[in-house]
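Sequences and hints are given; from them, build the entire structure.
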Amino acid sequence: MQEPATTRRRGGATTGKMHFYIATTSGWQTQMRRLTLALAVVALAALAYLSLRSSSNVDQVRWIPHWLGHWADHNGVIRNTVALFAVGLLVFTLIGRRWPHLLALAVFATALEVAQFWIPSRVFDALDIVASLAGVALSWLAVLAAHRLFARPRP
1 MQEPATTRRR
11 GGATTGKMHF
21 YIATTSGWQT
31 QMRRLTLALA
41 VVALAALAYL
51 SLRSSSNVDQ
61 VRWIPHWLGH
71 WADHNGVIRN
81 TVALFAVGLL
91 VFTLIGRRWP
101 HLLALAVFAT
111 ALEVAQFWIP
121 SRVFDALDIV
131 ASLAGVALSW
141 LAVLAAHRLF
151 ARPRP
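The opening position of the sequence shown corresponds to residue 1 in my numbering, with each subsequent residue numbered one higher.
By construction, these hints were calculated from the structure, which means they are not laboratory data. Just so you know, not all the hints are guaranteed correct.
To be verified - Cβ-Cβ distance ranges computed for the label pairs, FRET-style:
id : residue 1 : residue 2 : range
1  : Gln116    : Trp71     : 19 to 27 Å
2  : Leu144    : Ser121    : 34 to 42 Å
3  : Val114    : Gly27     : 36 to 44 Å
4  : Ser55     : Met32     : 30 to 38 Å
5  : Ala142    : Gln29     : 22 to 30 Å
6  : Ala126    : Trp99     : 22 to 30 Å
7  : Ser54     : Ser26     : 43 to 51 Å
8  : Leu144    : Ala38     : 18 to 26 Å
9  : Arg33     : Ala126    : 34 to 42 Å
10 : Ala126    : His74     : 19 to 27 Å
11 : Thr30     : Asp73     : 39 to 47 Å
12 : Ala115    : Ala38     : 21 to 29 Å
13 : Ala48     : Ser26     : 18 to 26 Å
The beta-carbon is built from N, C-alpha and C at its ideal position, and this holds for glycine as well.
Below is the structure:
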């Protein structure tokens, strides 16, 4: 008689019986996942475009509302915090709130600021990196707090 196969569950505990968990997703769930991923990619691409263009004047970008561009142009470093907070909320809500997501967005934000060093009409400023990382961290904490506040209790 054969011994039952042991499998590892989450948390590292072993069991004497083999359990198969089949992750099934319906067509609409797959489409929603693709849509959320596309939305996050568009937000990150927009952030990259605004960070790496030759002019830092956001008011000149046609697809940004005038009032928002005007506010951004008059609030220098704070706009980095607000922009990364908004993108972070979107990414952490739609993609996930685990630490690799936090690390990836932090590296992305830092890389965008460092890349401005090589753009002749832009100025590299370490304070911009601090402001960007503050926006990322605040958005991660906000999504984490909202999840804990509104999460359904486990049975």
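Hint-by-hint comparison with the structure:
no., hint, in the structure
1, Gln116 / Trp71: 19 to 27 Å, "21 Å, holds"
2, Leu144 / Ser121: 34 to 42 Å, "38 Å, holds"
3, Val114 / Gly27: 36 to 44 Å, "42 Å, holds"
4, Ser55 / Met32: 30 to 38 Å, "37 Å, holds"
5, Ala142 / Gln29: 22 to 30 Å, "25 Å, holds"
6, Ala126 / Trp99: 22 to 30 Å, "24 Å, holds"
7, Ser54 / Ser26: 43 to 51 Å, "46 Å, holds"
8, Leu144 / Ala38: 18 to 26 Å, "24 Å, holds"
9, Arg33 / Ala126: 34 to 42 Å, "37 Å, holds"
10, Ala126 / His74: 19 to 27 Å, "22 Å, holds"
11, Thr30 / Asp73: 39 to 47 Å, "41 Å, holds"
12, Ala115 / Ala38: 21 to 29 Å, "24 Å, holds"
13, Ala48 / Ser26: 18 to 26 Å, "33 Å, violated"
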